[in-house]
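Make the full structure from the sequences, and use the hints.
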Amino acid sequence: MDFDLPEEIVEKKKRVREFALKHFDMEKAKYYDVNEKFPFEIRKKAMEEGIIEYDPWALLVTIEELFTIDAGLGFSVFSPFFGNENIMLLGTDEQKKKYLDPVLKGEKIMGFAVTEPVAGSDVAGIQSKIEKKNGKWILNGNKMFITNGSIADYLVVLARNAPPPSPEKRHHNMTFSIVEMNWKGVSKNKLTGKMGMRASDTAEIIFENVEVPEENILGEVGKGFYIAMQFFNISRIYVAAMALGIGQGALNRLIRKAGEDKEFSSSEYVQFTIAEVATRVEAARLLTYKAASYLFQMNPDPVLTSMAKYYAAETGTYATERALSMLGLDGAVTELERMFRDAKINEIWEGSSEIEELTIYRMLMKKYGGI
Amino acid sequence: MMDEEHAVLESVIREFAQKEIEPRVKSIETSGIDSDILKKLVSQGFLGALSSPEDGGANLDDLGYIILLRELASSSPSVAFLVFLENSLVIRSLGRDSSVREISTGNYLGTFSFANLVGMKDYGSITVNSRIKGSLRSVFVPESRILLMDDGKGEIIKTENCHRISGEEEQLGFRGLKFSRVDMDCEKYDYTGIKTEEVMKNIHLPVAAMAMGIAKGSIMKAIDYAGQRDAFMHKLKDFQPIAFNLSKAYSELDALNLYLIDAALQRDYRKDLMIKTLSLDFAKRASKLALQTHGGYGYLLDFGIEKFYRDSMFLSVILGNEIFDMKELSMEIFGSNSGYV
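From first to last, the protein sequence lines stand for chains A and B. Each residue of the first sequence is one higher than the one before, starting from 373 at the first, in the working numbering. Each residue of the second sequence is one higher than the one before, starting from 245 at the first, in the working numbering.
Please note that a few of the clues may not be correct.
Unchecked claim - Restraint-style ranges between C-beta atoms, simulated for each label pair: (1) B:K439 <-> A:T706: 28 to 36 Å; (2) B:S271 <-> A:T651: 40 to 48 Å; (3) B:F488 <-> A:E380: 42 to 50 Å; (4) A:N561 <-> B:R375: 51 to 59 Å; (5) B:D280 <-> A:K501: 45 to 53 Å; (6) A:T706 <-> B:P267: 30 to 38 Å; (7) A:K394 <-> B:S410: 23 to 31 Å; (8) A:F375 <-> B:S271: 46 to 54 Å; (9) B:R408 <-> A:E380: 49 to 57 Å; (10) A:K402 <-> B:K283: 28 to 36 Å; (11) A:K738 <-> B:H478: 19 to 27 Å; (12) A:K634 <-> B:N581: 18 to 26 Å; (13) A:E587 <-> B:F483: 37 to 45 Å; (14) A:Q643 <-> B:R375: 36 to 44 Å.
Unchecked claim - The following residues of chain A were derived to be distant from chain B, with all beta-carbon distances above 10 Å: (15) K409; (16) A430; (17) T464; (18) L472; (19) P537; (20) M553; (21) K556; (22) K562; (23) I578; (24) E586; (25) A630; (26) I646.
The set of hints was computed from the structure by calculation and includes no laboratory data. Beta carbons: idealized from backbone N, C-alpha and C, even for Gly.
Below is the structure:
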């Protein structure tokens, strides 16, 4: 068992950190946060400097490092690719050429639309419909909290292709399709007033009799729920990396202060807090990397994935809260306050902490229930 | 236990908060506390809650004041903090100064800087000689006419129209109030005759009251939401992790409220510190639980939950911090310096 990352990944981490330190100045981060604007300039620079690589380990450590400096700016670097894995894994050659390639080249922005006003964690509760009428697929419904919703060129959208066969089988009869945002019947409403992650774009999307061509159906008709769960097994690892980055960022600020201020570091209360936060961050990292190693070997373990997302998210929030509590005003009037606001979303999106706990239990019982 | 007089007062304040504050909480967060809200606070005597009726105040006793801050904070922590600032810090620092009446009647506002206080070096410093010079950080309501601060020797000095806003600061909470750095260079200043220590030793209980208000607002909203929101074909309240956690938090809220009332009736410094420490911790946990219960909606300004999460954290660091409070509390518990190795 080797706990060291390969040399090229260590090098990648270093390069990403240098990129973030060079381009993520705190005035810029504050500007995009206050004005709730998506930082296109950061995304462009990241593409120009080759920050995004599609090697999964490189992507994981990239996210972790970017979030250590600033979550909002960091998110803009890779969020334009959000949901691409679905096309990569399930798309036809034509779909990949038309929709995936431009996203990977940085020419287009995409998103993943599952959540609805009445169905967040409860994916099987969605009510959007995609039905075949006169040989055409027609999409109707509302999507909520959609990342990149107002800036995306297209979304991968989950909707019901038929009513569920029974209350117990609510997860049946769901289908994904790729929907272009300039199609007739698609409208968007950018959500403002988020507590954190304000540099990221979030919107409500309304589909009204949107005609979806047959060739834009993604994956098998009726199997959308399973595709969504497969996607969450991937995306949750990256959310864990985001939370881990924020946790590490908060820890770094505590350590920096302790190194600079002897009065501060002379407090045992501070010393023990730093020790505790550091331990939790390292534990979150080990769990995240372990879950990632299974996923990246095409053998995902949903228990580990949910544990990693759950624990890293809680750790990110905890670390920012403890750092603020220790630093007091000195932290509250710096970027640490933004980190505190940004951290909390990781306990909610891509499966709330409660959903992760439920998944951990159910999958454990499936695996070991017969003992 | 609370007597009938205070029970009536609680009911009146609650109705005021529901009717006058609650419908405006979003605009308070985005545009600040407007003159109409200020007028309404004045008309009830809340802006001068601790001043006499002759000065336009409500002359509330400790318990009445604690109830006021708690109920206001359960709707808008920003409004509660303004009332706290004008009363616990400004009016208490002014003693018998004539400006107490002006503040109580809303003619102008005052503010207070923590600069020069022991353990508060991050708030900046001033020098007091023939002139007052210096830079202050983190001043709430910087547009105030009056600015009060410690002279560096434990006495409070008052300046009038003698500071200049030099820049806004990152503001995690209490966004209904402006929060800035200010520069000072004043020839004229007055001693109020009040010692800073007298003011500072009386802020713990009001801070606890605001924390309890934040906790109350959070938990009550979460309980309400859990009873309405459907997921997995049930109300959220039908799931044990939600129901049990909220029920436990509600119990904690009830127990700490009793302790808060008891502390207000007894006025013992040690009790003040204890309830402050416990309630700040609880407010942070309660608002986190409430936000989590609301899911993505809790993250949005429109639902009125995220402000509790920000404000509880901000309240715990803006008037001192955890290390400072724990040193004070340990000194009270052990009866001598402790935690100093």
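Verification of the hints:
no., hint, verdict
1, B:K439 <-> A:T706: 28 to 36 Å, "holds, 32 Å"
2, B:S271 <-> A:T651: 40 to 48 Å, "holds, 44 Å"
3, B:F488 <-> A:E380: 42 to 50 Å, "holds, 48 Å"
4, A:N561 <-> B:R375: 51 to 59 Å, "holds, 55 Å"
5, B:D280 <-> A:K501: 45 to 53 Å, "holds, 46 Å"
6, A:T706 <-> B:P267: 30 to 38 Å, "holds, 34 Å"
7, A:K394 <-> B:S410: 23 to 31 Å, "holds, 29 Å"
8, A:F375 <-> B:S271: 46 to 54 Å, "holds, 53 Å"
9, B:R408 <-> A:E380: 49 to 57 Å, "holds, 55 Å"
10, A:K402 <-> B:K283: 28 to 36 Å, "holds, 34 Å"
11, A:K738 <-> B:H478: 19 to 27 Å, "holds, 23 Å"
12, A:K634 <-> B:N581: 18 to 26 Å, "holds, 19 Å"
13, A:E587 <-> B:F483: 37 to 45 Å, "holds, 41 Å"
14, A:Q643 <-> B:R375: 36 to 44 Å, "holds, 42 Å"
15, K409, "holds, 17 Å"
16, A430, "holds, 30 Å"
17, T464, "holds, 32 Å"
18, L472, "holds, 28 Å"
19, P537, "holds, 15 Å"
20, M553, "holds, 21 Å"
21, K556, "holds, 28 Å"
22, K562, "holds, 12 Å"
23, I578, "holds, 17 Å"
24, E586, "holds, 33 Å"
25, A630, "holds, 12 Å"
26, I646, "holds, 13 Å"
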